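A.B. asks: Protein chains in written order, with our numbering: chain A, 1 to 359; chain B, 1001 to 1359; chain C, 2001 to 2359; chain D, 3001 to 3359.
No wet-lab data here; the hints were simulated from the structure.
Misleading hints may appear alongside valid ones.
What the hints assert, rightly or not - Heads up, simulated DSS-like pairs for lysine-lysine below, C-alpha to C-alpha not over 25 angstroms straight-line:
| hint | chain 1 | residue 1 | chain 2 | residue 2 |
| --- | --- | --- | --- | --- |
| 1 | B | K1075 | A | K276 |
| 2 | D | K3358 | C | K2279 |
| 3 | A | K324 | B | K1279 |
| 4 | C | K2324 | D | K3324 |
| 5 | C | K2358 | A | K75 |
| 6 | D | K3358 | B | K1075 |
| 7 | B | K1075 | A | K324 |
| 8 | C | K2324 | D | K3279 |
| 9 | D | K3358 | B | K1358 |
| 10 | C | K2358 | A | K358 |
| 11 | C | K2324 | A | K358 |
| 12 | B | K1358 | D | K3279 |
This structure is a prediction, so every number in the text was calculated from the model and none was measured.
Below are the chains, spelled out letter by letter.
There are 4 protein chains.
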Amino acid sequence: MAGNTYGQLFRITTFGESHGPAIGVIIDGCPAGLEFDPTFLQAELARRRPGQSALVTQRKEPDTAEILSGLFEGKTTGTPISIVIRNTNQKSKDYSHIATQYRPSHADYTYDAKYGHRDYRGGGRSSARETASRVAAAAFAKTLLATAGVHVQGFVERVGDITLSTWPKELSAETIESNPVRAATKEIAELMETRIREVRKAGDTIGGTVGCRVTGVPAGWGEPAFDKLHAELGKAMLSINACQGFEYGSGFAGTHMLGSEHNDAFETVEGKVRTKTNKSGGIQGGISNGMPIEFRAAFKPVATIMQDQDSIDADGNPVTVEGKGRHDPCVLPRAVPIVEAMAALVLADFMLRHRSSKV
Amino acid sequence: MAGNTYGQLFRITTFGESHGPAIGVIIDGCPAGLEFDPTFLQAELARRRPGQSALVTQRKEPDTAEILSGLFEGKTTGTPISIVIRNTNQKSKDYSHIATQYRPSHADYTYDAKYGHRDYRGGGRSSARETASRVAAAAFAKTLLATAGVHVQGFVERVGDITLSTWPKELSAETIESNPVRAATKEIAELMETRIREVRKAGDTIGGTVGCRVTGVPAGWGEPAFDKLHAELGKAMLSINACQGFEYGSGFAGTHMLGSEHNDAFETVEGKVRTKTNKSGGIQGGISNGMPIEFRAAFKPVATIMQDQDSIDADGNPVTVEGKGRHDPCVLPRAVPIVEAMAALVLADFMLRHRSSKV
Amino acid sequence: MAGNTYGQLFRITTFGESHGPAIGVIIDGCPAGLEFDPTFLQAELARRRPGQSALVTQRKEPDTAEILSGLFEGKTTGTPISIVIRNTNQKSKDYSHIATQYRPSHADYTYDAKYGHRDYRGGGRSSARETASRVAAAAFAKTLLATAGVHVQGFVERVGDITLSTWPKELSAETIESNPVRAATKEIAELMETRIREVRKAGDTIGGTVGCRVTGVPAGWGEPAFDKLHAELGKAMLSINACQGFEYGSGFAGTHMLGSEHNDAFETVEGKVRTKTNKSGGIQGGISNGMPIEFRAAFKPVATIMQDQDSIDADGNPVTVEGKGRHDPCVLPRAVPIVEAMAALVLADFMLRHRSSKV
Amino acid sequence: MAGNTYGQLFRITTFGESHGPAIGVIIDGCPAGLEFDPTFLQAELARRRPGQSALVTQRKEPDTAEILSGLFEGKTTGTPISIVIRNTNQKSKDYSHIATQYRPSHADYTYDAKYGHRDYRGGGRSSARETASRVAAAAFAKTLLATAGVHVQGFVERVGDITLSTWPKELSAETIESNPVRAATKEIAELMETRIREVRKAGDTIGGTVGCRVTGVPAGWGEPAFDKLHAELGKAMLSINACQGFEYGSGFAGTHMLGSEHNDAFETVEGKVRTKTNKSGGIQGGISNGMPIEFRAAFKPVATIMQDQDSIDADGNPVTVEGKGRHDPCVLPRAVPIVEAMAALVLADFMLRHRSSKV
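Isolated chain A, as found in the complex (with noise of 0.2 angstroms):
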């Protein structure tokens, strides 16, 4: 009920304070006999990581995973895999002007409210160093859903006001890794990356979005009332730290068509049931059609920034907040492993799910 779990079957639950000892995650549901590779989590973790290049923030964060429980001779067990990263980056002293002082837009003030009493070092809960937990669950749903024949691939779609117009047939994995902002061409990357560096110079920090696509799920995942596949998918980004949007298939744009332009017809190649245009992004009435998954999530600029603002402190007298520390110019590079990771755990989950959709 507090919220740091997530998923029926294939279940997370996370903790940690970006400056306590250590964050994790118990994954608990994750079936038995999967075989996994542990550098393959110690890989995405380094994909979701500070410090990557110039484009992100320049804290240290090693996150070096250890697994203590569900895996026995290379296979999961069946029984709760837990996963420890310790924080070995913790300066509080950086941190302690804000024990008292609410910075702009970020949870501080809500954190008090809520709680009466919070650690401020850092954000504590509220910092995106709880999704590394999430990235580390998700190396399991992914290998699990690789069984499938599924795969999930996310890239940055826009930065500010530049955007990849249309996505390319095929995403190259490849290609995305290979560029620091993560974007889906090399052309549309450098045009990003620079814009990034602008903003960054002058202290600033700027949004986008990230756009990802599941490859391989057959038609059937989902639920068709409340956890329709869409709906799991847009709370699971929308958890993400920063993201202020989601939308599927044709999204927000869609909804200026007509419907004589909207709808996906039916056709069948190769004795196989498929929809001419994907505007349905993949899903109907909640499930699954067997076409790919296609979504959207839209992330802020980051609240942290090199400059001086207004504000007030815990006694509601104002204050002015330094603009000082290391930050994120833009998210959206880390944000792409974080909404992969996100979309892992929410199709495993439903695929684990679907196994009693039948007699």
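Could you slot chains B, C and D onto chain A? The hints should help.
C.D. replies: Chains B, C and D only, in chain A's frame:
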């Protein structure tokens, strides 16, 4: 797990197909001692009902709700509240033609893929008729929220390309309910109405957006990790039929901004904490900050159109799906009470969850 | 959270007070494609119904169930199954005397303490009438289990001091249903019947135990930590009105033994793993081992007696609670179908949960 | 769903195998602002630890708990509390002989049947070592309950045939903790100790019962239908390794009584409602009535004995399981803190759930 339940402490479970004997809902967790007026429930159902105006489907659904339990001498008892709404307009023969063919962008195909056996009449469980159960349940949620001074107000913000560019400072329920579109101003309502009539004449449908503002929520509601207040709002909206997208606060537009433009500065006004702007949409770190909660849900054009369409049947053979029957040229006006209902259900749940935040 | 839901994947939510318009249940998660015979449901309700014989209460409850959803052309659709049973025997005046006084060992006082406002008529929600909803839902669970060869059989093992010392090797449903006590042998049934008639004449009530054996469960059902198969069976039984205790396998008696006497040795018989004895009651480490599952539920003597009793009213003043109305001298015979129902609901849930155990 | 989570609002998830790197637990939902003393947690673990006396196993498990999150400046923050306990005594070779053979009345066979792949070392997840996580979590639950004046006290009531016939009016924690059996009186402790020593010498094991009394619970805790207070207590106890039965109040013995003997008459004493007797064990209709809550859990003799036993291996061939290693002749003394822990977890959960009972 089968996804027909929403909420944790204020929890509803809906049932029913459009052409079975009845639809309905159980509310479990509504606190005892709440004074409830059944005529309010009936009035809310009337707002959602088809046939209210020429702008929406002319199907007749009287939607008379019977409360079977949980209410005694005008007040809730803390035990489950069960509500049943009989289906009185079941013309099964109208729908027999879809038993073996898949309507484009409907759930016919995906239900078959998931379950193997489905009630094909009128969409069965996938029909928007299911949302009447949600509206009925939300009458209790709204009544509970009112005891805390919380009010939920939705309106049609956009129809196709016709947009209300700026939200009024105060949304007038009277204005909204007095025009058939449920627009926020009389002027935009007329433009929208004209557009819907055009589309209707063409046997087509049109999409748009519903805006919603929730006032009176104190700072502190919501949970910080997966169950962020906006993540649950997003899931709730996306679980409504035809919803393709969700955003809160500055939403997708805000992602074009710089952090220095986007941050909401705190200030103290008459001893009360508030923010100078509200790009955060009343939510920071997943928790309400005491400002109005503002969000937007995108609705695609309804898939049922009065035009013939190409499709396939259950054997994969090409068929023509005929455009006939009664249809909704634009769901937006009827979506308003449903959006409000889901928002009220989310907030009632967080109101109760908040009670466990502190010792 | 308000506790009116049982099960994870095969999940039921019950509603209704004894003297409101109706009681009923929603089953969410019953797989699609299950052939179901509504007359079986009605027959199961008849087994629980009052007025079957002179041994149980003479109240008349026709208990006609209406299935409102989830069943189409004789098979389940995978969508929620809703069942409503009207209350036809609501003589509210019979119960008016308890509006302000607390019957000994009933829930009148605790409901008032919890909720502040309660439906006092006939016990309201605390009435055993609620169990009719469980029996109705379990008709689907039993049908699902039958597809896996699983059969649940309960019987009255003891009434007061009259005990069936050894369980028959094969329990005969025919024998059990052909005597009004639902005992496992005709001989013990007669002794029990005589005892119940004596107690009834004295305006008193008597307790005892129900035994239950589940056959056909394969090895592997159940979960290892908190949701052990016997822990869920225990919760399920203890959730039945008047149940004061639960044991499985050797139970309390087994705790007098030494480990060397108690252990069940494994053996292979005709290629099938089994144990020579079954002190484990078919469950080891919380998971079924393929042997018959055997357990026992203890039912206290019903609190409603035909004798005057000392008590207090809502203001704390002493009152005499009069012994009047119709009552059950012994709930055991009617408890049998309820015990079976809860066992079937537990096992149907684990049957589905088991589907996620392995990759 | 995989059952490693207990509780709704005060919710714990445990992980870990006996011979993996560590075991542990996440507590989600502990309210913020609770002052917590980590030395109390350590003291509780010491009560459960092996090697405390000659009566229990001589294995050495230092059981040092590390709190990784959720506690800041001595108080809980409302965020997840994570506790890790390293396994320091992992002698894997001791257990290699059970990799391919099934110990009688252990979970080896059922785990294999369920998962196909298991950590066979020392029972892995099925080892009672998992309960250390529960005891650690319950230190927080007990601290929370103490703020409401609620105290949980367990004791060994019976070992084999040696029973404490009447519970003392006041249970003395000092007396209980000062004898190695954790009996309620010094006299019975000596008899029990002698019996356990005899059994130990014979390389055998012995069962018995743990009694538990909870004082200070106000009237109104618990939920009326499936989640009755005693149903959750029952599930919680039965989820402990080796627990074969549960009863509350008069329990199985009470089912031999007549209703006129069994009912608890209400009275008002010094303005406070109470009952003259307490056969209801402090719970009526599933809800606490303000009297002490009293229950009993039955523990079978431990399956690990120092004698050779017949069994089979994974291929179904007959084998002799040798009696060697270190073992617990009687788990009862160590079961006391575990019984208390589970009771505290149940009650802390209901304490929070109760907050939503009324408007």
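A.B. asks: Each hint: holds or not?
C.D. replies: Hint check results:
1. Distance restraint check for K1075 (chain B) and K276 (chain A): the Cα-Cα separation of roughly 54 angstroms exceeds the 25 angstroms cut-off, and the hinted pair is therefore not satisfied.
2. Between K3358 (chain D) and K2279 (chain C) the CA atoms are separated by roughly 45 angstroms; this puts the pair beyond 25 angstroms, and the hint is violated.
3. A threshold of 25 angstroms between alpha carbons decides the hint, and for K324 (chain A) with K1279 (chain B) the separation of about 23 angstroms falls inside it, so the pair holds.
4. Between K2324 (chain C) and K3324 (chain D) the alpha-carbon distance is near 64 angstroms, which puts this suggested pair outside the 25 angstroms criterion.
5. Of the pairs offered as hints, the one joining K2358 (chain C) and K75 (chain A) holds, with about 11 angstroms between alpha carbons and a cut-off of 25 angstroms not exceeded.
6. Straight-line distance between C-alpha atoms of K3358 (chain D) and K1075 (chain B) comes to about 11 angstroms, which keeps the hinted pair within the 25 angstroms bound.
7. Between K1075 (chain B) and K324 (chain A) the CA atoms are separated by roughly 56 angstroms; this puts the pair beyond 25 angstroms, and the hint is violated.
8. For the given pair, K2324 (chain C) sits about 23 angstroms from K3279 (chain D) by alpha-carbon distance, which is consistent with the 25 angstroms threshold.
9. Our distance criterion of 25 angstroms between C-alpha atoms is met by K3358 (chain D) and K1358 (chain B), whose separation comes to about 18 angstroms.
10. Only pairs whose Cα atoms come within 25 angstroms are accepted, and K2358 (chain C) paired with K358 (chain A) is accepted, the gap being roughly 18 angstroms.
11. Taking the CA atoms of K2324 (chain C) and K358 (chain A), the gap is about 50 angstroms. The hint is violated against a cut of 25 angstroms.
12. Between K1358 (chain B) and K3279 (chain D), the direct Cα distance comes to roughly 35 angstroms. Violation of the 25 angstroms bound is thereby established for this hinted pair.
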